[in-house]
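*Asks:* The chain contents come next:
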Amino acid sequence: MMNTILFILLLPVAGVLVNLLFGWRRGEKFAGRVAAGVMALAFAASIAGFFQLLGLPAEERLIRSDLFEWIAVGDFRVNAAFMLDPLSSVMTLIITGVGALIHVYSIGYMHGDRGAVRYFIYLNLFVFFMLTLVLGSNFLVLFVGWEGVGLCSYLLIGFWFERPAASEAGKKAFIVNRIGDLCFLIAMFMLIGIFGTLDFGEILQAAPAKLVAGGGAVTVICLLLFAGAAGKSAQIPLFVWLPDAMEGPTPVSALIHAATMVTAGVYLMARAYFLFDLSPIAMNVVAVVGAATLLVAASIAMVQTDIKRVLAYSTVSQLGYMVMAIGVGAYSAAIFHLLTHSFFKALLFMGAGSVIHALDGEQDMNRMGGLSAALPSTSATCAIAAFAIAGVFPLAGFFSKDAILFAAMTSNRGGIGFWLAGAVGALMTAFYIFRMLFKTFYGRCNLSIEQQNRLHESPGVMTRPLKVLAVLSFAGGWVGIPIFAGANLLDGFLAPVFGGGGEAHHEVIFELMMMAVSFAIAVLGIYMAYNVFVLSSRGASAYAERWPGFYRLVFNKYYIDEAYDFLIIQPIRRLSVRLWKDFDDGLVDATVNGAGGFVRLIGSAARQLQTGYVKSYAVMMLAGALVVAFYLTAGAK
Amino acid sequence: MSELPLITLMVFLPLIGGLLLIFVGDADEAGRARVRAISMAFALLTLAVSAAVYAGFRENFAGMQFVERAEWIPRFGISYYVGLDGISLPLILLTTILTPIVLLYSWGEVEKRVRLFQMALLFLETGMLGVFVSLDFFLFYVFWEGMLIPMYLIIGVWGGPRRIYAAVKFFLYTMAGSVLMLVAILWLYFETGAETFDILVHLDKPVHYALQGWLFAAFALSFAIKVPIFPFHTWLPDAHVEAPTAGSVILAGVMLKMGTYGLMRLAMPLFPTAARDFAPLFMTLAVIGIVYGALVAMVQDDIKKLVAYSSVSHLGFVVLGLFSFNLLGASGGVLQMVNHGISTGALFLIVGMIYSRRHTRLISDFGGIARVMPVFAVFFVITSFSSIGLPGLNGFVGEFTILAGAFDRSPFFAVVAASGVVLAAVYMLWMLQRVLFGGDPSPANLGLRDLGVREWCVLAPLIALMFGLGLYPKPILNKIEPSAKAWVEQVNRRVLHVKPPPEPRLARAPAPVFVEARSLKAVRP
Amino acid sequence: MAGLFLFYLMAVVTVAGAVGVVSLPNPLYSVLSLIAAFLGLAGLYLTLNAEFIAVVQVVIYAGAIMVLFLFVVMLLDLRREERIPLRLPVQKFTGALIGVGLFAVIMKVIFSGSLLTGAKGAFPAERVSEIGNTQVLGKILLTDYLLPFQAMGVLLFVGVIGAVVLARRRAD
Amino acid sequence: MAPLEHYLIVSALLFAIGVVGVVVRRNAIVVVMSIELMLNAGNLAFVSFGRFLNSMDGQLIVFFVMGVAAAEAAIGLAILILIYRNRESTDVDSLNLLKL
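Residue numbers (our numbering), protein chains in the order written: chain A, 1010 to 1646; chain B, 900 to 1424; chain C, 67 to 238; chain D, 4 to 103.
Don't take every hint at face value.
[As the list claims (entries may be wrong)] With a cut-off of at most 25 Å between alpha-carbon atoms, the simulated SDA-like pairs for lysine to any residue come out as follows:
(1) A:1219 <-> B:1309
(2) C:158 <-> A:1636
(3) B:1373 <-> A:1210
(4) B:1384 <-> B:1108
(5) B:1384 <-> A:1636
(6) A:1566 <-> A:1522
(7) C:174 <-> D:70
(8) A:1590 <-> B:1259
(9) A:1219 <-> B:1225
(10) C:174 <-> C:196
(11) A:1038 <-> B:1274
(12) B:1373 <-> A:1204
(13) C:174 <-> A:1642
(14) B:1384 <-> A:1202
(15) C:205 <-> D:70
(16) C:158 <-> C:169
(17) A:1038 <-> B:1225
(18) A:1590 <-> B:1225
(19) C:158 <-> C:69
No lab work stands behind these hints: they were computed from the structure. Model, not experiment: these values are computed from the prediction.
Next up, chain A with everything else stripped away, as it sits in the complex:
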């Protein structure tokens, strides 16, 4: 049997190598085709892997592949080991599928950029690390992928490194992520201390025996893991890097900062669900943070004017949904939302990219408007995505969001508060996304004449992936239709991973009621956006005038960046300068040099004895002889 896992993993590597060796000379077209080609093949391999899994009995759906012993010290052994189970299979399909589409799209988007070859190398490398992340069968291999995607994210955000903002944003992303990674690392050390291994399977087996449910150790581990996840998945308080990450090329935002990498945190927690299950406190924290994040980010998204930043905060908010789902124990709902989100958010980003491409880099929505005529495919697909994310029946987002809201309400870890947060978030989601849609594609055109003349729909290589994703955004949610027994395919597929899953069944009427409510919320949000941005001529400024303080607060993202700068970054920098100039040079080194100076002082004092006069030397010599004589004869009687 061909090793499917290896195949999936190594295809992107092959792409990287081919482009490294030949890409520079053969040019961007070649590089783009190679990159997209290997992605298509990897997708095919992922599908093959998926069917391989399906071919196995439900409880044995796990394919392992141990490559080699990576770190082996004493009893502590970590293998470069990979595994394909339903959870990683779903992730793999998303990564390679959506990834392939984005690669194709990139061929058009990056056309003419002088760094295009480099871009495709980075992109393939990213996919490799992302696959490592989801396929790794222990925490450490996962961590390799985890850091690797961070690296690629760093490189791709700072892809246009001549822009100071871009390289700054890349650095910020990496460093903020590192703070999360630190917690992840510590969690791993604790796991090593308790289990002596980092293998998922072994820890799963041993966890109930070695950990006290609700005990301190498991709570700390889970909170640390969550902190790591919060870095990657941009949760409070570590979400500040994601909006800045929009400095990267737009397809990168679609792939890394919407569809795949940012969901790694959610994946990590789903992967370690057996630990979270043991810690109600940690779960509660996760849920609260997720809920808070989804509200805060959604509120910021409502007032941003940069099209990509709206989407970025939207992503943060949607990630908040997933995290909250994890927090209430609805793992498969989280993965479900992860799946649908990757469709519609990638689509939205790529649509935005198409707009930006058409407008030669313009990103301010206030200078757009009425583009639907010029960009028919883009606007149509974006509209579908908007409906999907707003949660309109029967599009993808409806089902996944509904699953989360339902779980938030009914799960024994949930509660009305979480449901309320989710519902308010859903309202805001519908509002901001349609605000974006209306401001961009409809209404009055605010473009300059010059821009209008150059306006053009993107080439087919870019619009075709949009269309595919539009279909997926429309129908992607049907894999998780609730109510009817057996219709929730995804839940069933993931059930073996999450230990049987199967939430308590409720009255069908209750479920339907819930669905109706969430549908109503979505429609309400859309209506509000329509009311404000299409019907009213004054747009949002009316609200801004009514609550100026609050508006400014939200518009400036609650001043979180400024607060971090003032409270953390500047003090550390000042401290460092003080340490260097005052402590290191002023105290430590001065002490060292002072010691040297002291010796010199003694030396110059002793030098006074060396008068240079022969006589004084003679006197001293004789005196010395006398002392020695006294000493030697002291023992005699």
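Since the structure of chain A is already known, use the hints to place chains B, C and D on it.
*Replies:* For chains B, C and D alone, coordinates are given in the frame of chain A:
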């Protein structure tokens, strides 16, 4: 195993090469080329011999291998006694690999007193290898001190504007430490009454507890200065900034490891109880060093100084690993010594390359040069990430095992140390951003040449090692492991708490009137 | 009894000469009193049955070497020390202190134990007198101590050359 | 015959007087003469010990000491002459050339 005296060959080949250079003139260009070629040939030969040692190394064996022994000064129990184990082998390989790389780098960079320079480097290699293989205190000390002289010359002759200050500081500081060690060695010699300088003999029977503290302090202080452990680090930035690139590479790559190696080989196993008593202090200092070095590195405006302070931080990890007293920490420590040698060595080479083009190392003089020097940028980024400890590159494996070991011993220290991982990313990436990225290159930087073939060849092996050790560290780790395991047992031994009762001595004859006794001590006990 | 008398006489002469050397302000007188001291020493050697050494003391020391000193003193015309203050203010006191201290130490050693604990040699005074002091000395000197003897010859030779080279007036 | 102690006392006296001379006197020639005194004090001790130990070694050493003293006197006086030529003085207190 072959019967060739491989270690002796390896240690003294560079010395022979250096001595040969005396007979080669360096007055003209051809002569200089000859000098360089000869020294390169000898460095490569040494590398080949060390490769043979590596190939012939017995795995799953904790003791000393390739042992050679010859009487030297039998009167005092001094012998020429060399050998290596899994702890010294990686460092030996690091030395033999870095030396030819440094020679190659200097090929086109050093034009002043070429012959003396090459000789100094070769002598230095002999000194360093000698330290790593010595199994006799006396021999160890001879190499240990001998090593200082070529380094002193390298800094003092080919260094920057404040080279004399830096060289003297370096020399005096390390010398001050090693004198203490000498005293401790002699004390040990007389105390045990073993009448031998054989390190292994002394390792087998640790001195009683009452004495351990002082002797350990003397040894450890000497090594702490060399490492350098905070707060003995201030000679390092000065030495690095003033040293020529080759000097910095060797200094950071190998010589700093002398300190940690010394701690590991001598100070800790010789005085295990004292080492355990001192462990909290050393762990505290190590952790302070990690955080402090990183913080200070962050605000440096000179790239080289930044890298120098990052060394303080990185070596803090090694010390932390050693003082964890467990297998993970020890193996990680050894591995990290090698890793740091590779990545920091490469960083210094990179800084040297850019310095020789622009004659400045101020970060603010650069910016956006990734555009004009793309290949350079790639190497720089990879090396920086290796230094940051990105998984898949070498730094990670060492740091991870060290921290895992330290966590086992003391979670608090491990957590604080791990924050150094974040800070490393901060200072490295910030530096990268300001040097390579962020804006268009200024006019002065527009004309910069990208790396030439020679520079490519200098960096490529190091980059390959970074990937190799990051992805598959096993070939080194499984050589370290048995020795590290034995070491861990050694440092966890218990020793006699008090001095054993003295053997009855011969009653002394009534003191003669005149000086008949040999030493003052005998006259006045 | 006569030997004892001779000893005290010669001891007094010697010590008086020595005191003269140190105390007389004129170097010329110092030289002369040193000669006196040396003659006294020769006498002491005689009381110790060291006839050869006594003769050498008179001929070489009191004769040749002291004449050399005398020459130099005359040559340089060193009449008296200039009466400038001493560099070290307590010099005289220090000198006396050291001198007395040394003397005290030696006295202490002399009177603190038996002096002759070593093994007796093969040349009692009677036997030496029988054979002849000079003969015995010469025999030992030219057999057991041949190498030092020759070395001393070389030393004197070098000394002569050195003195010539040093004292020669440079041509320039 | 006088006992050994008496000879040694004379020797010690000579030596101490020599030491005082070296320290107190400023004329280089006198200093050299004082040194000669000390040498001779040693000689006397050697010969006395040799006599009382039935050994010739004392006299032999004295023989060598005399040889060395002769050479030393020659060289020393030559140096003195040189100094006098350069500085018009043989005052040792004015000799501070040993200082850097």
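*Asks:* Each of the hints needs a verdict: does it hold here or not?
*Replies:* Verification of the supplied hints:
1. A:1219 <-> B:1309: Roughly 20 Å separates the two Cα atoms, so the pair holds.
2. C:158 <-> A:1636: 19 Å, holds
3. B:1373 <-> A:1210: 24 Å, holds
4. B:1384 <-> B:1108: Holds. Residue 1384 of chain B to residue 1108 of chain B sits at ~23 Å (cutoff 25 Å).
5. B:1384 <-> A:1636: 56 Å, violated
6. A:1566 <-> A:1522: Cα-Cα ~35 Å, so violated.
7. C:174 <-> D:70: Distance ~31 Å between residue 174 of chain C and residue 70 of chain D Cα, so the pair is violated.
8. A:1590 <-> B:1259: 21 Å, holds
9. A:1219 <-> B:1225: 22 Å, holds
10. C:174 <-> C:196: 37 Å, violated
11. A:1038 <-> B:1274: 22 Å, holds
12. B:1373 <-> A:1204: 22 Å, holds
13. C:174 <-> A:1642: Judged against 25 Å, a Cα distance of about 8 Å means the pair holds.
14. B:1384 <-> A:1202: 18 Å, holds
15. C:205 <-> D:70: 18 Å, holds
16. C:158 <-> C:169: Roughly 16 Å between the alpha carbons, so the hint for residue 158 of chain C and residue 169 of chain C holds.
17. A:1038 <-> B:1225: 54 Å, violated
18. A:1590 <-> B:1225: 37 Å, violated
19. C:158 <-> C:69: 37 Å, violated
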